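Read top to bottom, the protein sequences are chains A and B.
Counting from 888, one number per residue, gives the positions in the first sequence under the working numbering.
Counting from 41, one number per residue, gives the positions in the second sequence under the working numbering.
No lab work stands behind these hints, which were simulated from the structure alone.
Where hints are given, some of them may not hold.
Under the rule of at most 35 Å between Cα atoms (straight-line distance), these lysine-lysine pairs were calculated in the DSBU-like manner [what the hints assert, rightly or not]:
#1 B:K147 with B:K188
#2 B:K188 with B:K66
#3 B:K66 with A:K1174
#4 B:K147 with B:K66
#5 B:K66 with A:K1169
#6 B:K188 with A:K1174
#7 B:K188 with A:K1169
#8 A:K1174 with B:K147
Just a few of them, taken from the derived set where beta-carbon distance is under 8 Å, the chain B residues facing chain A [stated by the list, open to error]:
#9 A212
#10 W221
#11 V227
Source: prediction; values computed, not measured.
Glycine is no exception: its CB is placed at the ideal position from the N, C-alpha and C atoms.
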Amino acid sequence: MRSVPLDPRRIRAIVTGMTLTATLLGVQVLIGSAAAAQEPSPPTISQTSGSSECVGCHADPAIQTATPGRFREGLYVTHGTLAESVHGIFDCTSCHSALTGTMHERRDAAQSSCVRCHPDQAEAFANGMHAEVTDAGPQPTCVTCHGSHGVPPVDTPAFDTRASRECQDCHNEMGDRFFGGNPFGMETHRGGMNVATCSDCHGAHGVLAADDPASPVNRANILETCRQCHTNAPDNFADIRVHVESSPFPSDPRLRMVTLYMLLILVGTFGFFGYHTVLGIKHEWRKTHGLPKVAR
Amino acid sequence: MSATLDEPIAEEAELQPFDEQTAVVKRFSFWARATHAVLATSVFGLVLSGMPLRYPGTFWAKALFVVWSGADGAGAWHRVFAVGFMSAGAMHVLGVIAGIASGRFPKIFGPDGIMLRPTDVRHLAENLRYLRGHGPRPEFGRFTYLEKFDYFAEVWGLLVIGLSGLVMWFPARAAGVLPGWAVNAAVIFHSYEGLLAMGFLFSIHFFNTHLRPEVFPVDEVIFSGDLPLHEVRDRYPGWYSRLMAEGSGRVLPERGRSRRPAAIVSGAFLSVGLVMLVMVMLAALAEGARSMIDLLR
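All chains should be modelled from the sequences, with the hints used to inform the complete structure.
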């Protein structure tokens, strides 16, 4: 049998189809980026003499390596950092009130400045478990979670994701389970704002240990916490795991069975039908191109 | 018309499958083709909005989030396409009910029916021999075992992915009837079944149905509903001989129509599908390799 010629009209039509798709996607991207450009720009730093003077030295990346100490990464500050910050409108010395002179000696800088404007959060923090000093390591302060110079506005995805990522920095495993295994965690991780993140269940500043009877994730309170969003949640709603292992072999035997079952179907289907498809395409290729070894 | 059919089809006509005069057989009804169109569109929307949520770290996910205006938008559109997807399921059920009620499906368990039969197993064994050049082509009926599998895989997939998706969409309602762990299981089902359905449709279904060398780039029967008679003879010999024996009114002269819209639409769908297939498979393999390394450590 002779080969079936490929109609040039069909080739042109395929090319047209692909071009149309590419154009449509391109237009979508353009619309998306135009919408992003229209979003209100963050407050810009006031060009006060104080800030400019400070940034003059602090915008040099070498300041991180030239200075000893735990906070040396925070010493690198540019106008760009401050432009993204919700606090960028303030003068440096509004927070760094202890600093005097250009070649300042003090390094404890802004420790208690947050409290002046955010007393409620500071009080909650003082009552929470993160304020307790333990042997586990350095306890978090305001800047551990919120960042310092570049702190983003609270109602932006950047703030939400940043705060939850900061939880993950210390609580690695729980963070991995939430952001890697829970579909809502995955959505938060990409900047989704309509889904729960760490602080929605655990609380933020006044976070308590789960065995504390006042903790929102304590066994006695957890259903109530779920019902903040899932208003119609039934009694067994709290049995649903929120921190899900992203491993293909979860420790829960029932979930492991489900995973193994799906993996088996996946491998079996692609293995057999993949083989079958390759055979079929090879056969038909030989047939349409008049090659030998075809039973007719 | 029957006089034309009794004559052997000219070799020349066979070489020009799009000849205006070719006789055709009605294979898919308008309703079936409309269902396929709704289903295909929904599946593409579901893949393009769901896969970036499954693999959010990849570069293509970031590009798609621009298209859907963020992760929230992708989630919202995923639910819109899910409604389209379930509508396709409902359209099919309505079509089947109407078909049975009006008597248009007299023999769904017969040799030209969609239901699985023992002969399908024999056809599979025969076909594997035939494809390697060791035997004759099996006497396929109207639907080959591969097409039946395609169909039932779709039914199964629609149920699994639809039900698990509804559980994820309405977790509180689902927990009212299911134990808590089943909601977690739904996420696993949804994730793997999404991979399975996408992988199956964009590789096995694409290559067996549309990208075969004989019909590349698309089997236009899904747009026109008409299959040229010589293709019926070639691909479904069992059905062909039964059609000839009963002198069925299914054989019609081909309606002249442009093939270009079909090629444009399918060209767009197939190229997007293949790109997504490669991207998702690479991301899935990378994730699988990472977790295997974690497991061994």
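Practice prompt. Would you settle whether the hint for B:W221 is holds or violated, based on the nearest Cβ-Cβ distance to chain A being less than 8 Å?
Written response: holds (5 Å)
Worksheet item: Does B:K188 pair with A:K1169 here, judged by a C-alpha cut-off of 35 Å?
Response: Roughly 22 Å between the alpha carbons, so the hint for B:K188 and A:K1169 holds.
Worksheet item: With 8 Å as the cut and Cβ atoms as the points, is B:A212 at the interface with chain A?
Response: With Cβ-Cβ at 4 Å, under 8 Å, it holds.
Item to complete: Mind checking the alpha carbons of A:K1174 and B:K147 for me, to see if they're no more than 35 Å apart?
Response: holds (33 Å)
Discussion item. Please verify whether B:K66 and A:K1169 have alpha carbons no more than 35 Å apart.
Written reply: Holds, at roughly 29 Å.
Practice prompt. May I ask you to test the interface hint for B:V227 with respect to chain A, counting a Cβ-Cβ separation under 8 Å as satisfied?
Written response: holds (6 Å)
Worksheet item: Does the alpha-carbon distance linking B:K188 and A:K1174 stay inside the 35 Å limit?
Response: Roughly 24 Å between the alpha carbons, so the hint for B:K188 and A:K1174 holds.
Discussion item. B:K66 and A:K1174 were given as a pair; does the straight-line alpha-carbon distance stay at or below 35 Å?
Written reply: This hinted pair holds, its Cα atoms lying about 26 Å apart.
Discussion item. For a C-alpha distance cap of 35 Å, please report whether B:K188 and B:K66 respect it.
Written reply: With a Cα-Cα distance of about 18 Å, the restraint between B:K188 and B:K66 holds, given a limit of 35 Å.
Item to complete: Below or equal to 35 Å on CA atoms is what counts here, so check B:K147 against B:K66.
Response: Between B:K147 and B:K66 the Cα gap is close to 16 Å, so the pair holds against 35 Å.
Worksheet item: Are the Cα positions of B:K147 and B:K188 separated by 35 Å at most?
Response: This hinted pair holds, its Cα atoms lying about 15 Å apart.
When held up to the earlier numbered hints, the structure conflicts with none and fits them all.
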